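K.L.:
Generate the whole structure from the sequences, applying the supplied hints.
Protein chains in written order, with the working numbering: chain A, 1 to 153; chain B, 154 to 312.
Mixed in with the good hints there might be a few duds.
As the list claims (entries may be wrong) - With a cut-off of at most 25 Å between alpha-carbon atoms, the simulated BS3-like pairs for lysine-lysine come out as follows:
hint, chain 1, residue 1, chain 2, residue 2
1, B, 278, B, 303
2, B, 278, A, 118
3, A, 52, B, 278
What the hints assert, rightly or not - Okay, the calculated bits of chain A under chain B, using three or more residues with CB under 8 Å as the criterion:
hint, region
4, 65 to 72
5, 75 to 88
6, 93 to 106
Calculated directly from the structure, the hints in this document are not laboratory data.
Since we're looking at a predicted model, the values are computed, not measured.
Glycine included, each C-beta is placed from N, C-alpha and C at the ideal position.
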Amino acid sequence: MTENRGRIDRSTELLMLALDGELESADRAEFERLLSDNSELREEWNRLSRLKEVTANMKLRNPPEEMWAGYWNSVYSRFERGLGWILVSIGAIVFGSWGAWQVVRDLMADADLPTYVKWSILALIVGLVMLLVSVLRHRIFVSQSDPYKEIER
Amino acid sequence: MHRCYYAALGMVGSPQDAEDLSQEAFVRAFRARARLDPERPFYPWLYQILRRLCYNFTRDTSSRRKKLARAGGWLVAEATTRAAVDDPERIRATDELRGRLERAIGELPPAQREVFVLKEFEGLKYREIAALLDVPMGTVMSRLYAARQKLAELLEGIE
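P.N.:
Spelled out as structure tokens, the structure:
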């Protein structure tokens, strides 16, 4: 009765419209004729009508009234928390970078530290910065050019 | 907010998660408000954000099953809330039917479940669902038909 990939035949279309009370009066006669001629369709009609009766008696459960009362407060809190996390992250990155810079500067200024250790610290810093920039650049590129970003996973 | 909550409830089947997801949809809509076209209605745009959240939420099958097992009780049979209060046997039977229907809906693929809920529990017309999901009406019908086929099969033997 059905075809794959989102297409249904005429009799199924009329059956569905009739089940949901959306059948136009112009199509009613055609559906009734199909129903009386086609025993398979009649059987389907009875089967789906029973299901319709069951679901017509059900509805989505209402939440407690308190949920509605606090609904917008929770939305606001979520927004606030999101903003808070952004600020904390920015603060942590800036403060951490400053602390790291202080430590590195003191180490570099230390005359007792061997030169190869100073160079290795410098290499470590440059490497980390390069990795960070590379990852950021890649993420920005992907977010701008990904044609599937709006598609549900 | 009511509409958003009930749409999420129908898609994920857990009141707590529906509350979380619908609230998150509002937060994301606020952040993305620059992309909102003021010439077009707000709800379909918000609904796209919400359904993406719900789809991602239900994507992980194991976590989905866990959530559904934990959830339950997201539908209510109107008969149990009316005259049937005097008939415990009828209440028990209706409650069992409700539980079976909830589980059966939980087994549907998300796209079919979404259309089924919009039609049966939110009472939208075919063209309204098509406009909301931005798909042709034939797609809405075929998804709903497939959902009904599966549910009728799963609920077979129930009177």
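K.L.:
Indicate, hint by hint, whether the structure satisfies it.
P.N.:
Tested hints:
1. B:278 to B:303: holds (21 Å)
2. B:278 to A:118: violated (72 Å)
3. A:52 to B:278: Holds. Residue 52 of chain A to residue 278 of chain B sits at ~15 Å (cutoff 25 Å).
4. 65 to 72: Held - the region 65 to 72 of chain A has 4 residues with a Cβ nearer than 8 Å to chain B, which meets the minimum of three.
5. 75 to 88: Our answer is that it holds, as 4 residues pass the Cβ test (under 8 Å) against chain B, meeting three.
6. 93 to 106: Answer violated; 0 residues pass the 8 Å Cβ test.
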